[in-house]
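> Spelled out from the first residue to the last, the chains are:
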Amino acid sequence: MIRRVLVAGGLWVFALSVVVPLLWVLVTAFKTGAEIFTSPWGLPHTLQWENFARAWQEAGIARYFMNSLLVTLATLAILLPIGAMAAYIFARYPFRGAKWLFGAFLGGMMFPLFLTIVPLFFLLARLQMLDTLHGLTLVYVAYSLPFTVFVLTGFFQTLPQEMLEAALIDGCGHARAFWKVMLPLAKPGIIVVGVFNAIGLWNEYPLALVIMTSDERRTLPLGIANLLMVEQYQSDWGALFAGLVIVMLPVLFVYWLFRDRIHETMVAGALKG
Amino acid sequence: MTPRARAAFITGFLLPATTLYAVFVVMPVVQAFAFSLYRWRGISANRTFIGLENFRHLFADPIVWMALRHNLLLFVGTSTAILVVSLALAHAIGSDSRAARLLRSVYLFPQVISLVVVAILWMFILNPSFGILNAALKAVGLERWAIAWLGEKPTALASIGVAHVWHALGFYIMLFAAALRTIPPDVIEAATLDGAMGLTRLRYVTLPLLWAVLRIALVYMAIGTMNIFSLVFLMTQGGPDRATEVMLTYLYEQAFKHSEFGYATALAVVNFVLVMALSGAILALFRHNPQEGKA
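If you read the sequences in order, they're chains G and B.
Under the working numbering, the residues of the first sequence are numbered 1 to 273, in order.
Under the working numbering, the residues of the second sequence are numbered 274 to 568, in order.
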């Protein structure tokens, strides 16, 4: 009995250790600069919505937000179709060298990002893609492919073969059968992979740090990190906390909507890998 | 479909993904190994082949050894903390009660928010003038403990370790809970009825059942801490006085502050090889499940 209370207590202590810091950020985002210093644990006297307005406009979060949105959506728009196409071949059309190529894709999940960062930097410089949103997008697509192809291949393998055969008998070509029949069937898998990648891309920091240099093209993580440096001189901490809330909320919202599928995919991916 | 049409179909479908992957991932990986053999400063194409000179220089560089020691300290410290907490909670969190399901969702919050947010959040918690940690310490009369956690050499690395554990813990709890769920509940129940509780249950029930997952988890933890970058880079920039320097922050400094691109790439190669070696060592060390075959 005592043990049960202890374990349950442990669960709640940990839950609180997760929730309290996040709530603290949320509450602090509504405080005045003076309140932040005088009563770290206290509640704001009146809600300072202006913190959000200043973060959004003066601190430039609006621009960073649009950049992140653009890069994330563009990456998904390229990644999901081409990832699904490749995964479909690996799942359904065996050919000589398929295992080898699939292995090469999976190997990408093993290589740490920083092994490639210097050569990648020079490659982008040569392609005139340093500090461009389309350069960052293409890099994001390439580095998201291993996980995407891995999960979608597994997904296509579970789809019934009869559906494909029926489509082919109906006179569909193989490509048409993919776009019209198999891809729609794979929608649940595509959604999970899309959400997973979206969260990762929205949060991504080291690649953006190396590739992007000018302020007007910063993504949100870069922008908020830069704001941290700037505010050490201007000390508009209220706006910075508001900025943190703006970065976190979309991700936590999307995560909450898809949390069960995300848990499954995370655990399955980890246990297979 | 004729063999020819089939080949065209396969090629067409594989081409976009394979091209992007080859250009932006495979080629840079191959180049990394080549770059590490050159002395190469600045953006110019002016580079000199120097063989293994970068590596010789690297092994004689005291900062590399210091950074490596910090990585290993982080690995040992954070993986111990993660294992203790997640194993203690794995049985309870894996149950299907509503509370457990709600908690499982909450636990992954730190995992899905950006590491940039995690870093800034912890910088603020630990902030000496308005952080909640020191405010709480002062409130209970522990003023002497209210220090600049990230600014003092003895506590800076540990503080980063705490932030890393906060970020990573939920994932491992999920992982162990999921692995325990794949085991028929009557096995655990039978052991529990037999009086196996606490450390006995941990040793004879939980650990053996989780052994395979534990191995993989340890490898993940090793990879995670050997490749730690964002938290350190944002929270301390490797300071104070390099007290939190790790391999990747040093690599970043060499490449993008000093333009020592050849040397930085050699660091990347060494770090990669070390991670592989450490992972291999963990897999070999934990190959045999001590309880296997015993009943």
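Incorrect hints may have been included.
[As the list claims (entries may be wrong)] Here are some, though not all, of the chain G residues that point toward chain B, as calculated from beta-carbon distances under 10 Å:
hint	residue
1	W56
2	L70
3	L101
4	L120
5	L123
6	L164
7	I169
8	V247
9	A270
I should point out that these hints are in silico values taken from the structure, not numbers from a laboratory.
Given the structure is predicted, the values throughout are model-derived calculations rather than measurements.
Quick reminder that beta carbons are idealized off the backbone N, C-alpha and C, glycines included.
> Does each hint hold? Answer for all of them.
Quick rundown of the hints versus the structure:
Annotation: W56(G) was flagged as interfacial toward chain B, and the flag is violated, the nearest CB pair being 17 Å apart, outside 10 Å. Interface hint status for L70(G): violated, as the beta-carbon distance to the closest one in chain B is roughly 17 Å, over 10 Å. Because the closest C-beta pair between L101(G) and chain B is about 7 Å apart, less than 10 Å, the hint holds. Using the Cβ-Cβ criterion of 10 Å, the hint placing L120(G) at the interface with chain B is satisfied: the shortest such distance is roughly 5 Å.
For L123(G), the suggested interface contact is upheld, since its CB lies about 6 Å from the closest CB of chain B, less than 10 Å. Look at L164(G): its Cβ only gets to about 12 Å from chain B, farther than 10 Å, so that hint breaks. Using the Cβ-Cβ criterion of 10 Å, the hint placing I169(G) at the interface with chain B is not satisfied: the shortest such distance is roughly 13 Å. Checking V247(G) against chain B: minimum C-beta separation of about 6 Å stays under 10 Å; hint holds.
With a least beta-carbon distance of about 6 Å to chain B, the hint placing A270(G) at the interface is held under the 10 Å criterion.
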